[in-house]
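J.: Here are the chains, one letter per residue:
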Amino acid sequence: MRSRRRWPVNSIAALFCLVWIFPVYWMVNTAFKARPEVLTPTPHFLPEHPTLDNFVRAVGQEQFLADLRNSVIVVAATVAASIALGIFAAAALSRFRFTGRRTIMVVILAVQMLPGTALLIPMFAMFNSVDLLGTYAALVLADVATVLPFSIWVMRGFFVAIPHEVEEAAQIDGAGPWRILFSVLFPLVAPGVIATSIFAFIAAWNDYLFAYTFMPDESRYTLPVWLASFANPHTGTDFGAQMAASVLFSVPVVVFFLVIQRNLVAGMSAGAVKG
Amino acid sequence: MSTATASRDATRPPPAAPEAAPRARRRDLTPLWLLSPAGLVLVAVTLAPIGFLVLTSFTNYNQRTLFTGAYRGVGLDQYATLLADPAFWASLLRTVLFTAAMVAGSVLLGMGVSHLLTRLGRYWRYTVTIVLIVAWAMPNVASSLVWNWLFQPGYGVLNWMLDELRVFGDTTDLNWAQDPALAYVSIWLLIVWQAVPFIALTLNAAETQVPAEYLESARLDGARECTVYRRITLTFLRPTLLLVTILSVIWDYNVFNQIWLVSRGGPGDATATLGVFTYKTAFVGFRIGQGAAISVVTTLLLLGLTAVYIRNLLRAGEDL
Numbered sequence: 001m002r003s004r005r006r007w008p009v010n011s012i013a014a015l016f017c018l019v020w021i022f023p024v025y026w027m028v029n030t031a032f033k034a035r036p037e038v039l040t041p042t043p044h045f046l047p048e049h050p051t052l053d054n055f056v057r058a059v060g061q062e063q064f065l066a067d068l069r070n071s072v073i074v075v076a077a078t079v080a081a082s083i084a085l086g087i088f089a090a091a092a093l094s095r096f097r098f099t100g101r102r103t104i105m106v107v108i109l110a111v112q113m114l115p116g117t118a119l120l121i122p123m124f125a126m127f128n129s130v131d132l133l134g135t136y137a138a139l140v141l142a143d144v145a146t147v148l149p150f151s152i153w154v155m156r157g158f159f160v161a162i163p164h165e166v167e168e169a170a171q172i173d174g175a176g177p178w179r180i181l182f183s184v185l186f187p188l189v190a191p192g193v194i195a196t197s198i199f200a201f202i203a204a205w206n207d208y209l210f211a212y213t214f215m216p217d218e219s220r221y222t223l224p225v226w227l228a229s230f231a232n233p234h235t236g237t238d239f240g241a242q243m244a245a246s247v248l249f250s251v252p253v254v255v256f257f258l259v260i261q262r263n264l265v266a267g268m269s270a271g272a273v274k275g
Numbered sequence: 001m002s003t004a005t006a007s008r009d010a011t012r013p014p015p016a017a018p019e020a021a022p023r024a025r026r027r028d029l030t031p032l033w034l035l036s037p038a039g040l041v042l043v044a045v046t047l048a049p050i051g052f053l054v055l056t057s058f059t060n061y062n063q064r065t066l067f068t069g070a071y072r073g074v075g076l077d078q079y080a081t082l083l084a085d086p087a088f089w090a091s092l093l094r095t096v097l098f099t100a101a102m103v104a105g106s107v108l109l110g111m112g113v114s115h116l117l118t119r120l121g122r123y124w125r126y127t128v129t130i131v132l133i134v135a136w137a138m139p140n141v142a143s144s145l146v147w148n149w150l151f152q153p154g155y156g157v158l159n160w161m162l163d164e165l166r167v168f169g170d171t172t173d174l175n176w177a178q179d180p181a182l183a184y185v186s187i188w189l190l191i192v193w194q195a196v197p198f199i200a201l202t203l204n205a206a207e208t209q210v211p212a213e214y215l216e217s218a219r220l221d222g223a224r225e226c227t228v229y230r231r232i233t234l235t236f237l238r239p240t241l242l243l244v245t246i247l248s249v250i251w252d253y254n255v256f257n258q259i260w261l262v263s264r265g266g267p268g269d270a271t272a273t274l275g276v277f278t279y280k281t282a283f284v285g286f287r288i289g290q291g292a293a294i295s296v297v298t299t300l301l302l303l304g305l306t307a308v309y310i311r312n313l314l315r316a317g318e319d320l
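Going down the list, the sequences are from chains A and B. Read in my numbering, the first sequence has 129 at position 129, and its numbers run on one by one without any break. Read in my numbering, the second sequence has 5 at position 5, and its numbers run on one by one without any break.
In short, the hints are calculated from the structure, not lab data. Among the hints, erroneous ones may be present.
[To be verified] Sample of chain A residues facing chain B (criterion: CB under 10 Å; computed from the structure): (1) F16; (2) S82; (3) I87; (4) R102; (5) V107; (6) A110; (7) P122; (8) T146; (9) L148; (10) L188; (11) A228.
Computed from a prediction, not measured in an experiment: that's the story for all the values here. Beta carbons are placed, not taken as given, at the ideal position from N, Cα and C, and that holds for glycine.
Given the sequences, and given the hints that come with them, work out the whole structure.
T.: Shown next, in the form of C-alpha cells:
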C-alpha cells in the first residue's frame with residue numbers, strides 16, 4: 001500500500017539531491033572547462049571540450065609544490081603526535097578509574113568548544129615572543145591543540161567498547177598492565193585508531209585560521225591558504241584554476257569521509273570535523 | 001552507575017584482601033604514566049594559552065609589544081573600552097541573530113531530511129546519504145570559494161538562474177558580497193548547506209531507533225502522519241535534537257572561515273560577527289589586548305551552553 005505512494009517522496013528526494021549536490025557539481029564542471037568557457041554570459045552546464053588545462057595551471061603555480069610540502073609536513077606531524085600521545089591517554093581514561101579522571105575529560109571536551117580566536121590570540125603572542133611565527137613547529141603545536149583532544153575522546157570510545165573479559169583473561173594468564181596494553185588492547189583498537197587518524201588528518205588538512213595567521217610568508221602557505229590566495233581583486237580571480245585546485249584539495253577529504261562514514265556521527269559530536 | 005562501571009568495580013579485588021593490596025597500588029601508577037605525555041602537551045598547548053589569553057586581556061598588549069615585548073597591566077581597562085564600544089554591541093547582536101537564523105534553518109531542514117530518509121526506498125536512501133556525505137565532506141575553505149564563484153557578479157551561475165526566473169529583473173551583476181542583506185543570505189545558505197548533512201544523519205540514526213510498534217499502532221488507531229510524527233517520533237528524538245541544536249549553536253556562534261572568505265565581515269562591518277570582530281581587532285589593528293578581552297567575553301557568553309553540552313556528552317560517554 002505504501003509503495004504506491006512512493007513517487008511524491010521520491011521526487012522530494014530527487015529535488016533535494018539536485019539542490020544539495022549543485023555546488024559540488026558546479027565546482028567540478030568549472031574545473032574541466034577550457035579557460036574561455038569559464039566566463040560565458042550563459043553558463044554551460046557541461047564543459048564543451050573537457051580539458052585538464054585548469055588543473056595544469058593550478059598545479060603549475062610556482063608555489064604549489066612548496067605549499068603542498070608544507071601541508072604534508074604539518075599534517076603528518078600533527079596526526080602522528082596526536083595519535084601517539086592520544087592513544088595512551090585514551091587507554092588511561094577508559095581502562096582505569098582514578099581521581100581527576102572526570103576533570104580531565106571535561107577539559108578535553110571544553111577546549112574544543114572554544115572560539116578559534118581564544119587559542120589563536122595567545123598562541124600568536126607566545127610564538128611571537130619566542131620567534132616561532134612562520135615555523136612548522138608553531139603550526140603543528142596549534143593544530144595539535146585542536147586535534148589531540150578529540151583524538152583522545154574518539155579513541156577512548158573504541159577502548160570502552162572492548163569487553164573487560166578480554167583484559168581479565170590476559171590478567172589470569174599473568175600479563176601485567178603494560179603487556180595487556182600492548183599485546184591485547186592496542187591490536188583490538190587498531191581499526192579505531194585508523195578511523196581517528198583519518199579524523200585527525202581531515203582536521204589538520206582543513207585548518208585555515210592558524211595557517212593563515214601564523215604563516216604569512218607565501219613560501220610557508222599550507223594548501224587551504226594557497227587555495228584562498230587564488231582570489232585576486234586586482235587581476236581578477238582565475239576561477240577555472242581555483243575550482244580545479246578546490247577539486248584537488250577536496251578529493252582526499254571526500255574519499256576519507258566516505259571511508260569512515262559509519263564513525264562520522266560519533267566523531268563529529270566530539271568536535272572532530274567542524275562545520 | 002553504568003553497567004560498564006559496575007563490572008569494572010567487580011573485577012577489583014576487595015580492598016581487605018591482603019595479598020591483592022600491593023598489586024592494586026602498583027597498578028594505580030599506570031594511568032599516570034599513560035596520561036602524562038598527552039597531559040603535559042595539552043597543558044602546554046591549550047591551558048597555558050588560555051591562561052595567557054586571560055592575562056593578556058588585562059594588559060595593553062598591542063602592535064608595539066610584538067616588537068619590543070613590553071606591555072603592562074591596565075586592570076579592567078580593556079573590558080571597559082569594550083563595553084563602551086558600540087561596534088562590540090552591534091557585533092554581539094548580529095552574532096546572536098545570525099546564529100539563531102542559521103541554527104533554525106539547519107535544524108529544521110535537518111529534521112525534514114532525516115524524516116525524508118525514513119520514508120525512502122533503498123535506492124533513494126542510499127543516493128541521498130551519499131549526497132549528504134559529499135556536501136558535508138567539502139572542506140569549508142573550498143566550499144567558501146565555490147560559493148564566491150556561484151554568486152560571482154557577472155558570470156556566477158546563481159545570478160544567471162535568478163535572471164532566468166524573470167522575477168527580480170536583471171540580476172546578472174548582482175553583487176552579493178557588497179550588499180549587507182545579500183551577504184547574509186549567501187553566508188546563511190553556505191552554513192546551512194554544510195550543516196544539514198550532520199544534523200540529518202545524526203537525527204536519522206536516532207529516528208530509526210523509534211520502535212515500529214508504537215508508530216504502527218498509532219496509525220492503526222487512525223492517527224494522521226503528522227500527529228504520529230509530533231507525538232511519537234519527536235518524543236523519541238528530543239534528547240538527540242537537544243544535543244544537535246546545542247552543538248549547532250556553539251559552531252554557528254563561533255563560525256569564522258566562511259564569513260571571512262565570503263565577505264571579510266563586510267560590506268563595512270555588516271557581517272562582522274564576534275569571530276570576525278575579534279580577528280580584525282587582534283590581527284588587523286593588532287590591538288591584541290582588546291582582542292583577548294573580546295575573546296574572553298565571547299567564551300564566557302557561551303559557557304552555560306557548553307557546560308550543558310559537555311554534561312550530556314560525558315553522560316553518554318559513561319554509558320558506553
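J.: Would you pick out the hints that fail for this structure and give their numbers low to high?
T.: 10
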